[in-house]
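Participant: Make the full structure from the sequences, and use the hints.
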Amino acid sequence: MNAPLSHSASTAAFPAGFLFSQSNLQDYVDCRRRFLLRYVFNVAWPGLESEPALESERFMRLGERFHRLAQQYFIGAPPEALESSIREDELLQWWGQFARFASGLRQSMFISPELTVSAPLEDHRLLAKFDLVLMNEAGKFIIYDWKTARRRPRRERLIERMQTHVYPYLLARCGAGLHHGEAIPPESIELIYWFPEFPDQPERITYSAARFQADHALLTNLVREIKQAVGNLSEAQLADPPGGEAFDSAFPMTTQIERCAYCVYRSLCNRGERAGDFGAEAAESELEDFEVHIDFEQVAEIAF
Amino acid sequence: MGLPLNASIFLEGPAGSGKTTAAVARLMHWLELGTPGEAILLLAPQRTLASPYESALRSPQAVAGGYVQALTVGGLAQRMIDLFWPMIAAQAGFADPYSPPTFLTLETAQYYMAHCLRPLLDEGLFDSVNITRNRLYSQLLDNLNKTAVVGFPLSEVGQRLKSAWVGEPGQLRVYDDVQTAVDLFRRFCLEHNFLDFSLQIEIFRQHLWPLEACRSHLFSTYRHLIYDNVEEDIPIAHDLIREWMPQFDSALLIYDWDGGYRRFLGADPESGYALKELCDSSIQFETPLVAAPQVQSLARRLSKALSPRRAQVGEDEQNASVAFEAVEFDLHLFFPQMLDWVCERIEQLVHGEGYPASEIVVLAPFLSDALRFSLTERLAALNIPTRSHRPSRALREEPAVHCLLTLAVLAHPEWGILPTKFDVAYAFMQAFEGLDLVRAQLLAEIVYRQKDGLPALSSFEAIRPEVQERITFLIGERYERLRRWLTRTAERNDEFDHFLSRLFGEVLSQPGFGFHAGLDAGRAAAGLIESTRKFRWVAGATFDSSGAPLGKEYLLMVQEGLIAAQYLPAWQTPTQEAVLLAPAYTFLMSNQPVEVQFWLDIGSRAWSERLSQPLTHPYVLSRAWPPGRLWTDIDEQAAEEESLYRLVLGLLRRCRRKIYLGLSEYNEQGFEQRGRLLTVFQRALQSAQATEKRSG
Ligand code: SF4
Chain A
1 MNAPLSHSAS
11 TAAFPAGFLF
21 SQSNLQDYVD
31 CRRRFLLRYV
41 FNVAWPGLES
51 EPALESERFM
61 RLGERFHRLA
71 QQYFIGAPPE
81 ALESSIREDE
91 LLQWWGQFAR
101 FASGLRQSMF
111 ISPELTVSAP
121 LEDHRLLAKF
131 DLVLMNEAGK
141 FIIYDWKTAR
151 RRPRRERLIE
161 RMQTHVYPYL
171 LARCGAGLHH
181 GEAIPPESIE
191 LIYWFPEFPD
201 QPERITYSAA
211 RFQADHALLT
221 NLVREIKQAV
231 GNLSEAQLAD
241 PPGGEAFDSA
251 FPMTTQIERC
261 AYCVYRSLCN
271 RGERAGDFGA
281 EAAESELEDF
291 EVHIDFEQVA
301 EIAF
Chain B
1001 MGLPLNASIF
1011 LEGPAGSGKT
1021 TAAVARLMHW
1031 LELGTPGEAI
1041 LLLAPQRTLA
1051 SPYESALRSP
1061 QAVAGGYVQA
1071 LTVGGLAQRM
1081 IDLFWPMIAA
1091 QAGFADPYSP
1101 PTFLTLETAQ
1111 YYMAHCLRPL
1121 LDEGLFDSVN
1131 ITRNRLYSQL
1141 LDNLNKTAVV
1151 GFPLSEVGQR
1161 LKSAWVGEPG
1171 QLRVYDDVQT
1181 AVDLFRRFCL
1191 EHNFLDFSLQ
1201 IEIFRQHLWP
1211 LEACRSHLFS
1221 TYRHLIYDNV
1231 EEDIPIAHDL
1241 IREWMPQFDS
1251 ALLIYDWDGG
1261 YRRFLGADPE
1271 SGYALKELCD
1281 SSIQFETPLV
1291 AAPQVQSLAR
1301 RLSKALSPRR
1311 AQVGEDEQNA
1321 SVAFEAVEFD
1331 LHLFFPQMLD
1341 WVCERIEQLV
1351 HGEGYPASEI
1361 VVLAPFLSDA
1371 LRFSLTERLA
1381 ALNIPTRSHR
1391 PSRALREEPA
1401 VHCLLTLAVL
1411 AHPEWGILPT
1421 KFDVAYAFMQ
1431 AFEGLDLVRA
1441 QLLAEIVYRQ
1451 KDGLPALSSF
1461 EAIRPEVQER
1471 ITFLIGERYE
1481 RLRRWLTRTA
1491 ERNDEFDHFL
1501 SRLFGEVLSQ
1511 PGFGFHAGLD
1521 AGRAAAGLIE
1531 STRKFRWVAG
1541 ATFDSSGAPL
1551 GKEYLLMVQE
1561 GLIAAQYLPA
1571 WQTPTQEAVL
1581 LAPAYTFLMS
1591 NQPVEVQFWL
1601 DIGSRAWSER
1611 LSQPLTHPYV
1621 LSRAWPPGRL
1631 WTDIDEQAAE
1641 EESLYRLVLG
1651 LLRRCRRKIY
1661 LGLSEYNEQG
1671 FEQRGRLLTV
1681 FQRALQSAQA
1691 TEKRSG
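Listed in order, the protein sequences are those of chains A and B. Residues in the first sequence are numbered consecutively from 1, following this note's numbering. Residues in the second sequence are numbered consecutively from 1001, following this note's numbering.
One or more hints might be untrue.
[Said to hold, decoys possible] Now the in silico label distances, taken between C-beta atoms and shown as ranges:
| hint | chain 1 | residue 1 | chain 2 | residue 2 | range |
| --- | --- | --- | --- | --- | --- |
| 1 | A | R58 | B | P1511 | 28 to 36 angstroms |
| 2 | B | P1549 | A | P52 | 45 to 53 angstroms |
| 3 | A | R58 | B | Q1061 | 39 to 47 angstroms |
| 4 | B | R1215 | A | A246 | 51 to 59 angstroms |
No lab work stands behind these hints: they were computed from the structure. In this text, a Cβ means the ideal position worked out from N, Cα and C, and glycines have one as well.
Facilitator: Here is the structure:
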């Protein structure tokens, strides 16, 4: 969603209008250099993310299809029609689990699939796109996030993801519109990661005022830190991307070298030739954040 | 702002009178009062036109809440098809309603148009039409789009074109061929679940809009409407809003007088203006806020010269010279002299008078790559940066793309494509860091062979030692690494885009190779790989069943200019301090006023004449044109006058201070010229002089 940042030498400041999200913040947390390359210099670098490429792509597209089916289901498409459009066995199995699980949710008092919200943070905005938000009979607001990973990540791993901080925090800040103009108290918010591959093992994360405060501090500090690091880039650095050592202090490369196997910038950083194995355990944590994003405006729009 | 929140308002006025600024303020006000952002539909005919709203929504001043969606009607149609496909695919006539739809990009639509027509073209279809295949396909797609956006049956295209034709009778056969081609393409799309732009619009209109589930989803999701630049949108969008209006709690429609620049894409200002009658109230913003008084005065004078019936000269009749304070021109014999003059003036403005470069725009009716290059070079020599509506090279002309495709051909000798020696040398030069063209040619000369009509690369080891030394052992080592990699990887039978990604990541962008630190190479490679991936996703199944190599077909399409013809997005952001070089209509649709405009070559006919389009017709295929009426020279002339009137006014309303007119007796190609725009200026100038004389 972000436009490329200018790396003209005229300004070292972050451009107004840059949108922070769980995904770009996670990039920053995982590897400062990746953030620099992807969002400051907007470097397009088409290396493979994982191998075998076709299998990894097939899986990603299944994930996309699953998300679409879930959205179609919650906007009221007949389940039989949706089911008859599924050809792949794996997806059919996910769908079966989903349909059983989701039938009880359709009656919720308030329900909104694919809801995008944003709130000001420092002098930027933080944005999130929820797979589903609903309010149950007990008045709880639940954010569901569908995770189509083949392995179920450990709870600790999920808890430390930026998504776990950003989603409930943003719902607490933006919820008034969903709640007749009243703010949603953090205690009424829950985030559930639901895995079609492991339907009986959802991960529930409850929220509280204390966690809201902590997340506010965490996210504000992170955004400040990033802005400062970008602001400190010299004009010479900005004019001559992406270099190596010049960025080592503010935007160092990750010390967890195994990450690089699943990163497209591998060759730019001299961190290897071959992409990592899609089936390996490490792949799950590196690739779980596939952001399902189809830019509809790019496709078949009549060009002037 | 003070108007009730649940009102529907039609806000109209000339460009530059503050309408969009007011609409942005109203949007922000809605949000502050608690209107959920996700309940607001922000509609525009083209994404660039929504950018003032998007900038405001991205600012920290916008309150926390749901995100306001900016959409075009095309984007909305595609989303709805994607969501409700299982409920409409069968009744819409798709052969395989249980498989998902495939949305065609312009590139893939052109490809399939070519695919459908190839056998018929060989049999003589369109044999009397002398235009490139590329233009032929795009005009046919344009016809399909016109039927959808205007809303008449596809089966009537040929007949409508024929019934308006007054020239050579031979052309009537061409229109029959047009009908054959578009029918064939439509059948092909329905058979394969393909949706080009025209089919998306048609399916949305005919099957989704009447579908209860779709309507209730749209009506419950969007409660408020902001619709800017109504005059630039297609009639089918206006029809949709006409029916949708009663459902919105509030609406704000914004209409620019004298707009309609996208008419040749189907824009219909008249059907847009008719939406006014559905609004509770209408407001007019008449005071120009952008143009200085002298520019306004010039606009009035020129509009009188262009269209005496519409213009009012008004208060400055007595002081006619004011208008011409806003304009400066100089006559040159030849085109390059005019360019020199333009650049000198720009230098004076930037370095002498301190104008920001971003406040200057150089406009031409069409901006050829050669013209853009000349201007960029001249201004660079004067230390003035430029930016353009697009980079100077198409994707397929990028050196990195050339290199990747040449190496792909060498890795797949079975395709039987033979690159030239120079192609191979040029690819080597890109592939290896520090290799100059002379040594690249030497290397290619020795290692590149054609065996039994197939390309092959021999080993560096086999080269004589003294020549190895000349090429250098370092290059030799890298060459061997590349050669072995090509042989090994080709055996894996990867998908073409995966092959290219791997070639990029495992070899060419590794240390010692040419793409390692080259961001431009990375960007070009990314563009190519994305294009090949989309091509595979759309066309892959066709190739799987025929067993033909997709990579080879892709390459042939590149050679035909059908794909990889798009331009990579420019590096620069719009805020960059640089002079903008753009075609006049592109500048208008960016809707960003500037201090100073340069209009190049105002003697050129291209300022008023429309592009020659032998297979389609923007006016005849519009809603306003009664089927059966002949399109005569008088109509052509009236259309030219009308579009020049709108263009000139549109440009002046987006100019704060001054325009400079570049005039050369001979054009870029060396022909003498005397177009309508020049005549209009002369007429306005003479009338001003006469007025001055009269008033003493
Ligand atoms: S390759 Fe490694 S160091 Fe480089 S950006 Fe990626 S994760 Fe960071």
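Participant: Each hint should be assessed against the structure and marked as holding or not.
Facilitator: So, going through the hints one by one against the coordinates:
1. With their beta carbons about 32 angstroms apart, R58 (chain A) and P1511 (chain B) fall inside the hinted range of 28 to 36 angstroms.
2. The hinted range of 45 to 53 angstroms is not satisfied by P1549 (chain B) and P52 (chain A), whose Cβ atoms lie roughly 20 angstroms apart.
3. Look at R58 (chain A) against Q1061 (chain B): about 44 angstroms separates their beta carbons, and that is inside 39 to 47 angstroms.
4. A beta carbon spacing of about 57 angstroms between R1215 (chain B) and A246 (chain A) agrees with the range 51 to 59 angstroms that was offered as a hint.
Hint compliance for this structure: hint 2 alone is broken.
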